[in-house]
Every structure is written in C-alpha cells, then in structure tokens.
Amino acid sequence: MKLSTNPFVLLGLVVLAVLFGRVIPAWTLSLATVAASKALVALGIVVLARTGNVSFGQGLFFAAGGYGVALIANEWGLTDAVAQVLIGAVCGGLLGLVIGPLIARYTGIFFGMLTLALSMVLYGALVKTTVLGGSDGFNVGRPTLFGAVFNDPREADFMLYAVSVVATGLAGVFATILFKSQFGLTSLAVRENNLRVEYLGTSANRIVSINFMIAAVFAGASGALSLMAQRHIDPEFAYWTTSGDFVFIAVLAGSQSVAAVFVAALALELVRSFSNLYLPNTWQLVLGLFLLAVILFLPRGIGSLWAGRRRKVSEPPAEPAAAGKGAAS
Amino acid sequence: MTPVLSVRGLQKRFGAVVAADNVSIDIPASQKLCLIGANGAGKTTFVNMVTGYLKPDSGAIELDGSPIGRRSPRDVARLGISRSFQIPQLFIELTAAENLTVAVSSAEGGRLSATASADSGDRRDKAVALLDRFGLAGHADRPVAELAGGVRKLVDIAMALARRPKLLLLDEPTSGVSAEEKFATMDRVIHAVSEEAATIVFVEHDMDIVSKYADRVVAFYNGRILADGEPSIVLKDNEVRRYVTGGAR
Amino acid sequence: MNLLLTIILDGLIQASWLFIVALGLTLVFGVLKILNIAHGGFYALGAYLAATAVTIAAAHQVPPGVGFVLMLLAVAAIAATVGLLMERGLIKLFYGRDEVVLLLVTYAVFLVLEDVTKLIWGVNPIYANQPYELFGNVEFAGLFYVGYDLMLIPLSAAIGLGVWFVLNRTTTGKIVSAVIHNAEMSASMGVKINQVYALAFAFGVMLAALAGGLTAPKISVQPGLSSEIIILSFAIVVIGGLGSVEGAAVGAILVGMARAASVHLLPQAELFVIYLIMAAVLMFKPEGLFRRETARRI
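Those protein sequences? They're chains A, B and C, same order as listed.
193 is the number that the numbering used here gives to position 193 of the first sequence; each next residue is one higher, with no gaps.
563 is the number that the numbering used here gives to position 234 of the second sequence; each next residue is one higher, with no gaps.
791 is the number that the numbering used here gives to position 213 of the third sequence; each next residue is one higher, with no gaps.
Check each hint, because a few of them may be wrong.
[Claimed, not checked] Subject to a maximum C-alpha distance of 30 angstroms in a straight line, what follows is the list of computed DSS-like cross-link-like pairs (lysine-lysine):
# : chain 1 : residue 1 : chain 2 : residue 2
1 : C       : Lys863    : A       : Lys128
2 : C       : Lys696    : A       : Lys128
3 : B       : Lys455    : A       : Lys180
4 : B       : Lys384    : B       : Lys361
5 : C       : Lys611    : A       : Lys128
6 : C       : Lys770    : B       : Lys384
7 : C       : Lys611    : C       : Lys770
[Claimed, not checked] Partial list, computed: chain C residues near chain A (C-beta under 8 angstroms):
#  : residue
8  : Asp588
9  : Val678
10 : Val687
11 : Leu689
12 : Ser805
13 : Leu849
14 : Phe850
15 : Tyr853
16 : Leu854
17 : Leu860
18 : Pro864
19 : Leu867
[To be verified] Derived coverage of chain C by chain A (criterion: at least 3 residues anywhere in the stretch with Cβ under 8 angstroms from a Cβ of chain A; other residues may be distant):
#  : segment
20 : 670-677
21 : 692-703
22 : 810-816
23 : 841-847
The hints are simulated quantities; they were obtained by calculation from the structure and are not laboratory data.
Computed from a prediction, not measured in an experiment: that's the story for all the values here.
Glycine is no exception: its CB is placed at the ideal position from the N, C-alpha and C atoms.
The whole structure should be built from the sequences, with the hints applied where relevant.
In structure tokens, the structure reads:
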C-alpha cells in the first residue's frame with residue numbers, strides 16, 4: 001500500500017500533529033484548533049461532493065450537534081470532551097439519516113438550495129425559541145477530559161487542540177480509506193452518470209444518502225468542537241454564511257485529496273487572522289478575491305496541485321485488430 | 330417454455346406522436362432478435378419501456394412470466410435485463426477497469442465495502458476479465474475520456490454484461506464504427522456475449538449486419554410492428570422495403 | 579377585520595419591494611442561468627448609495643421630491659454600470675462551467691462587495707429618512723399608514739407590468755424571451771447573446787439596487803443587509819419558479835403576507851415559515867409554482 005495513504009502512517013501523522021501543538025505559540029494553537037474543526041465540516045462536504053452534490057446547508061448539522069451537546073452538557077453535567085464530540089456526531093448523524101433519503105433525489109442547484117433552505121428553517125426556529133436563548137443563545141461550561149479538569153488556560157487550549165486534531169484526523173483517515181474503497185468508487189460513478197448507476201442495478205439515491213449521513217456526522221462532531229472552543233452556542237451556527245464558509249474551504253481544497261482540506265482550512269484561517277490584524281474589514285474582500293483566483297487558476301482545487309490527473313496515461317499496448325481499427329472513427 | 334420476454338399490446342404516446350402502437354412480441358430463450366426501423370419508428374421507445382425507463386400507457390411486459398411493466402430501471406436490471414446505449418453511458422473520469430468494477434460491484438449486490446480497496450481484489454479481477462473478453466484488457470487503466478469512440482462502445486456493452494443478464498438489449502452496437510469494422514466489432518460482441526448464452530435483442534440500421542447475426546427480425550414503423558420473422562423473409566417484405574430499408578419497387 | 583386589513587396591507591407593502599429584488603434575481607437566472615448571490619450586495623449598494631445621495635441632496639438644499647427622483651436615477655445608473663462591468667469583466671470568464679462554479683463566483687463577489695461597502699461607508703448604521711416623509715400619512719380604516727410605504731405598491735406593480743410588457747410585446751423583449759427559453763438556439767439564429775447577457779445582468783442588479791434605494795429611507799442602512807436579503811429573495815424565487823416574472827410576483831406576495839401575518843399573529847414563526855415554504859416547494863414542486871425544469875433523478 002502506498003505510504004501516503006497507509007492508515008498507520010496517517011495515524012502517525014495525527015499523533016505528530018498533536019505533539020507539535022506543544023511547541024507552537026498560543027495564537028497558532030487556537031488558529032489551528034479553529035481550522036481543524038472547520039476542516040472537519042469541509043471534509044464532509046467533499047465526501048458528499050464526490051457524488052456530485054454540494055451541500056450549502058451543513059450549518060444545519062453543525063448547529064444540531066452544537067445545540068444537542070450544549071443541552072445535554074447543561075442538563076446532565078456531561079463535560080467530557082470526547083463524549084461531547086461523539087454526541088455531536090450522533091446528533092448530526094441522526095438528523096442526516098432522517099433528511100438524507102428525502103433530499104437525495106435532487107441534483108445540482110436544487111439540492112444546494114434545499115440544503116440551504118433546511119438550514120435556514122432551523123436558524124429561523126432557533127432565533128425565535130426563547131428557551132434556547134433566542135438569537136443570543138446560551139453558554140456552557142468548560143470541557144473536561146477523562147475526568148481531568150483543566151484550569152490553566154494554556155493546558156485547556158492544548159486539550160481542545162488535541163481533541164480537535166484527533167477527531168478531524170480520524171475523520172481524515174476514514175475519508176482516505178473511503179475514497180479508495182468500492183463504495184467510494186461507486187460514489188464517484190454517481191457523480192459521473194447517475195442514470196447508468198441505476199441501469200446497473202444500484203440505487204444512486206441510496207449512495208447519496210449514505211454520503212450525506214457521513215457529512216452530517218462530521219458536521220455534528222464539529223459543532224461540538226466549536227461549542228467547546230467558544231463555550232457558547234447561538235443560532236449563527238445554522239446561518240447560511242456559516243455554511244458558506246465551509247463550502248469555501250471545500251471548494252478551495254477540491255475533491256481529490258483529504259490533505260488539501262486541511263491545507264485549505266489552515267490557509268483560510270491564516271488569511272482571516274492576518275487581514276483582521278492589519279487591515280480590518282478586509283478579510284472578506286481578500287477571501288473573495290482568493291476564491292476567484294482559485295476558481296480561475298486551480299479549477300480542481302488545491303488538491304489538484306499534487307493529486308494531479310486521476311491516472312497517468314500509460315503507453316497503449318498493441319491493440320487487437322477490431323477494437324484498434326474500429327476505434328478510429 | 331415460457332418466453333424470456335413477453336410483451337403484449339404496448340401503447341405509448343407523446344402528445345400527438347405514437348411511439349408504440351399495440352406492440353406484441355414473445356422472445357424465446359437464446360434468440361438473437363434484431364429491431365429495425367427508421368429513426369423515430371419506436372425501437373428505442375420499446376427498449377426504454379422494457380428496461381423500465383418509460384412506463385407504457387397500457388399493455389403488459391413480462392420477464393420469465395413475471396410482470397415488470399411498472400418497475401424502475403434499477404429493479405429491471407436486478408431481475409435480469411441489461412442494456413447498452415446508442416451513445417455510450419460511461420463514467421467518463423474513471424478508468425475502463427473502474428467503470429467495469431462499478432458494474433461488477435453492482436452486479437454482486439450486497440454491501441459496497443467502505444474499506445476494501447477498489448483497485449484490487451476479486452471484483453477488480455472480474456472487471457478486467459470482462460474487458461479481456463472484448464480484447465480491451467490493455468485499456469484497463471486508461472481514463473475512459475481518453476478512449477476512442479469504438480472502444481467506448483465496447484466498454485459500454487461490457488458493463489451491461491456484468492450482471493450476466495437473461496436478456497441483453499443492445500442499442501445500435503455498431504453505430505459510430507467505421508463500415509469496414511462493423512463485422513469485426515459485431516463478431517467480437519457476439520463472441521463475448523456467447524459465453525452467457527443470453528437472449529439478445531439488438532437495434533440495427535445496417536441490413537448486412539442484420540442478415541448475418543439475427544435469428545429473427547422485427548420491423549417498426551410509426552410505433553407499429555410491420556413485420557416479424559426470419560431475416561430473409563422480413564427484409565424482402567414490400568412494406569419493410571418501403572418504410573424501413575428503402576429500395577421498394 | 580382591522581387586523582386582517584393591516585396584515586394584508588403590511589403584506590403588500592413588504593411584497594412590493596421584495597418583488598423588485600426578486601424580479602431582478604429571477605431575470606438574471608432566466609437569461610444567464612446564474613443564481614446570483616451578489617444580488618444581495620447590489621441591494622445593499624443601492625441602499626448605501628441612496629443614503630449618500632439623500633445627504634448630498636439635503637446639503638445642496640435640493641427640494642425633497644426632486645432629490646428623491648435624482649437619488650433613484652443615480653442609484654440605477656451606478657448599479658447598472660457596476661453590473662455591466664461585473665458581467666463583462668468577470669462572470670463572462672466562467673460561462674460554460676458548471677452551475678455550481680458560477681454560484682461560487684457570485685459568492686466571491688458578494689464577499690468582496692460586503693467589505694467594499696464597509697470600507698467606503700464604515701460599519702456604523704446610516705440613516706436617510708428624509709424621503710420617507712414625502713408622501714405624508716394616510717388614514718385608512720382607522721389606522722395610519724405612511725404614504726411612502728403605500729406608494730411602493732403601485733410603483734412595484736408598474737415595474738412588474740412594465741417588465742412583463744417589454745418581455746412579451748416588444749421585439750427586444752421577445753429576443754430576451756427567446757434566450758431565456760433556449761440560448762443555444764437563439765445564438766444560432768443570429769441573436770447577439772453577449773449583448774443580451776450583459777443587458778439582462780445589468781438590468782437585474784439595477785433592480786436590486788433600486789429596491790435598496792427605495793427601502794433605504796425606511797430602515798437603518800448597515801452591514802448585514804445583503805446577507806439577509808439574498809436568502810429572502812432566494813426563497814421567493816424558488817417558490818415562484820426560477821426565471822418566471824409571474825412567479826416572482828406570486829412568491830413575493832406569499833412571502834410578504836407570511837411575514838406580515840406572523841409578525842401580527844405568531845411572531846415566533848416569522849423567519850422559519852418562509853424557509854419551510856421554500857423547502858416544501860423544493861420538495862414537492864421543485865420547478866416552483868410557475869416553471870418547468872427537471873430537478874430530480876429518476
């Protein structure tokens with residue numbers, strides 16, 4: 001198996017990344033934490049995009065995960081970080097399981113619009129729900145890890161960083177394996193020609209639903225991560241611009257490489273931080289221009305820089321007479 | 330013996346256009362049946378209805394005695410009818426082997442593994458074997474987008490074989506192939522398919538191909554069947570010559 | 579009874595300016611097949627331009643009525659120009675690419691416009707209320723309505739009818755209709771597609787800006803306008819059917835009424851009812867109420 005996709009090598013990289021967090025300065029740590037959690041949602045979008053459907057409403061699951069965990073944390077005092085991530089994932093997944101089959105039939109911008117509409121329905125409902133704090137949302141306490149409490153802010157930040165990197169890293173390893181699997185191949189086939197997939201006897205809708213659920217799980221888990229980082233939840237988690245942010249990263253990354261998603265998320269957070277620091281009120285301008293540049297010059301996203309064309313063209317062998325000459329038309 | 334496919338009284342209109350007018354055909358096992366007719370005569374509509382893509386306005390379709398007229402293309406494929414397309418319907422960005430692997434994975438039903446690699450293993454081997462039957466094993470790892478039209482046609486047909494169908498429908502298998510190569514291509518197709526001893530229905534415009542490969546010919550015109558029988562008889566029929574093949578006195 | 583009347587009138591007033599925005603969006607989609615996220619940015623641009631124009635007019639002591647008309651003209655002219663530049667200079671580069679790509683391009687422009695307006699006009703709210711008093715107050719069934727608001731109803735109806743008339747009864751309009759139905763065919767028949775695209779886009783975003791200019795006197799002009807309006811106009815256009823003028827009108831009335839009704843009857847429902855309708859339409863009649871298009875797989 002290739003080194004770059006060997007799961008053990010990748011897991012090793014995750015461990016390295018966590019350890020690296022020990023030596024980087026505080027501002028880089030929090031930047032990387034934010035980037036990791038956004039990358040997680042974007043990764044889900046990429047997984048789904050490989051079936052040809054782009055979701056503009058991942059905020060739905062992001063918020064569902066966040067609110068679900070926040071309510072459970074406050075109601076039952078569950079503060080363990082790992083448990084929270086898992087609960088977020090489950091919340092997202094359950095919702096994805098229900099919604100997926102309903103919308104898997106749609107394609108193109110209709111699919112996009114539908115996901116957008118559903119996320120805005122949640123947003124609208126949350127804003128007006130006073131028991132959940134309405135548009136202000138509400139706060140949650142500090143997360144713990146396996147019983148350990150983190151009072152030192154530096155330690156608390158590192159714990160959050162570690163949990164985020166591990167969660168996102170595991171998702172990345174899973175996605176890498178998925179992309180090369182038979183299920184992954186059939187998902188690509190759905191994108192290429194869903195009619196043929198049906199004619200071959202497989203339900204394209206089912207394939208889309210499953211990928212959709214995976215994206216929902218990732219987004220829900222990320223909602224939990226963001227909740228832990230901000231210690232606050234509000235309806236903004238479901239707003240369309242939040243969803244747009246995640247799509248941005250996915251587009252920047254392209255749909256061929258998991259690593260590209262992390263690179264893209266990190267790059268965007270860096271751009272955002274620096275422009276906020278030096279030129280306030282310009283980070284959207286910079287991002288917008290950046291997006292245009294990528295669409296123009298790297299239409300397949302950052303990942304295309306190293307993933308390249310799907311296959312190198314090899315020397316065509318001597319062809320049998322019929323196929324060879326018949327192919328001349 | 331129940332015919333493999335039994336079609337009774339199929340009707341289909343699109344507004345003022347009659348695409349199928351009381352079409353009835355019984356196809357016995359292992360027969361090689363050819364559909365002929367001018368463009369718009371109803372051949373492709375027939376194929377679309379048999380494969381579930383279109384629902385007939387009325388009439389019955391039975392596969393091995395079981396009704397399938399209301400089923401989806403997916404169900405029809407699972408029940409044993411596969412088709413190839415006039416314009417090859419392929420997964421353009423994937424390689425030839427990957428196209429066939431998807432077909433084979435689908436044919437084997439069951440779960441699509443989320444962990445087992447698509448590049449290796451049982452299904453990939455079967456995919457390459459299928460390509461080999463058409464002499465295309467050398468193209469296995471080339472993206473389909475780079476393959477020439479005639480080769481794509483064969484890949485398209487190979488995919489339809491993955492399910493070892495009871496009934497194989499080939500929509501103009503030699504269209505887009507140069508005149509000199511038509512026989513060779515058709516030979517290759519028939520040879521590749523013969524291992525299955527499947528029943529084949531193919532749509533053709535080249536009457537030489539029809540004469541050589543068909544056991545039986547059905548001629549369509551305006552959605553209606555003009556003639557149905559042995560090639561030597563049907564092709565000499567006056568109405569068929571007038572409306573389909575040309576050259577009527 | 580009073581309540582019903584209030585709701586209906588409020589609903590129609592809302593529907594009026596929503597219709598103008600939605601009309602622009604649906605026309606751009608109909609002709610260019612682009613769902614223009616930056617449309618919201620043009621609305622905001624129009625509002626900001628209007629605010630500035632009003633301030634300038636007041637400083638030069640131009641009579642309010644004249645100032646109002648000049649403001650609208652200025653907004654329309656500037657927006658149309660910017661729109662033209664955007665279409666010819668940027669959007670054109672991506673024609674032929676996937677519809678999602680074009681969507682992302684307009685999203686990028688939306689982001690750029692957001693910050694450009696912040697850089698030019700700052701982040702604090704701006705007010706330009708003088709024109710709001712132009713038409714005085716009207717008493718209607720025991721309630722007072724601002725004349726300006728009521729004026730919006732016939733104005734937007736006139737714009738709607740005007741566009742409908744041009745599309746269906748004039749040669750230019752029929753050419754544009756032909757492009758809406760089948761751009762390829764029209765091009766092969768000699769229609770200068772590029773010109774039609776440029777015209778339609780400029781006109782569409784001009785309408786958005788005009789709506790922004792018309793609502794500026796009623797609101798506080800501040801960042802965030804564009805993201806709110808774009809999602810609302812998307813809902814309207816989806817409900818009515820992408821590319822349909824009648825659909826935009828019906829959608830706008832539906833959404834306007836829904837908003838007015840929920841504000842008065844069930845404030846909690848206000849926001850999500852609209853998106854629920856949008857989702858429902860997408861699920862059961864994805865083409866919208868007035869259009870045919872395939873949205874689903876088999």
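Hints versus structure:
For a cut-off of 30 angstroms, the pair hint linking lysine 863(C) to lysine 128(A) stands: about 28 angstroms separates their Cα positions. For the suggested pair lysine 696(C) and lysine 128(A), the alpha carbons sit about 29 angstroms apart, so the restraint of at most 30 angstroms is met. Using a Cα cut-off of 30 angstroms, the hinted pair lysine 455(B) and lysine 180(A) holds, with the two alpha carbons roughly 18 angstroms apart. Note on lysine 384(B) and lysine 361(B): the hinted pairing holds, with a Cα-Cα distance of about 25 angstroms set against a maximum of 30 angstroms.
About 35 angstroms separates the Cα atoms of lysine 611(C) and lysine 128(A), which puts this hinted pair outside 30 angstroms; it is violated. Distance restraint check for lysine 770(C) and lysine 384(B): the Cα-Cα separation of roughly 41 angstroms exceeds the 30 angstroms cut-off, and the hinted pair is therefore not satisfied. Restraint check for lysine 611(C) and lysine 770(C): satisfied, since their Cα atoms lie roughly 17 angstroms apart, inside the 30 angstroms limit. Interface restraint check: aspartate 588(C) against chain A, minimum CB-CB distance 19 angstroms, threshold 8 angstroms, status violated.
Given hint, valine 678(C) at the interface with chain A, holds; its Cβ is 5 angstroms from that chain's nearest Cβ, closer than 8 angstroms. Among the interface hints, the one on valine 687(C) holds; its C-beta lies about 7 angstroms from the nearest C-beta in chain A, closer than the 8 angstroms criterion. At about 3 angstroms, the closest approach between the beta carbon of leucine 689(C) and any beta carbon in chain A falls short of 8 angstroms, and the interface hint on this residue holds. At about 6 angstroms, the closest approach between the beta carbon of serine 805(C) and any beta carbon in chain A falls short of 8 angstroms, and the interface hint on this residue holds.
Because the beta carbon of leucine 849(C) sits about 3 angstroms from the nearest beta carbon in chain A, less than 8 angstroms, this interface hint is met. This hint holds: phenylalanine 850(C) has a C-beta 3 angstroms from the nearest C-beta of chain A, less than the 8 angstroms allowed. The interface hint given for tyrosine 853(C) holds, since its Cβ lies 4 angstroms from the closest Cβ of chain A, which is under the 8 angstroms cut-off. Given hint, leucine 854(C) at the interface with chain A, holds; its Cβ is 5 angstroms from that chain's nearest Cβ, closer than 8 angstroms.
Against a cut-off of 8 angstroms between C-beta atoms, the interface hint on leucine 860(C) holds, since the closest Cβ of chain A lies about 5 angstroms away. Here the hint on proline 864(C) is kept, as its CB sits about 5 angstroms from the closest CB of chain A, short of 8 angstroms. The interface hint given for leucine 867(C) is broken, as the beta carbon of that residue sits about 15 angstroms from the closest beta carbon of chain A, more than 8 angstroms. Three residues within the 8 angstroms Cβ limit are the bar, and the segment 670-677 of chain C against chain A gives 4, so the coverage statement holds.
Counting residues of the segment 692-703 of chain C whose CB lies closer than 8 angstroms to any CB of chain A gives 6, which reaches the minimum of 3, so the coverage claim holds. Residue count for the segment 810-816 of chain C with a Cβ under 8 angstroms from a Cβ of chain A: 3. That meets the three needed, and the coverage hint holds. For the segment 841-847 of chain C, the assignment as covered by chain A holds, since 3 residues bring a beta-carbon within under 8 angstroms of that chain's beta-carbons and 3 suffice.
In this structure, the hints that do not hold are numbers 5, 6, 8, 19, in rising order.
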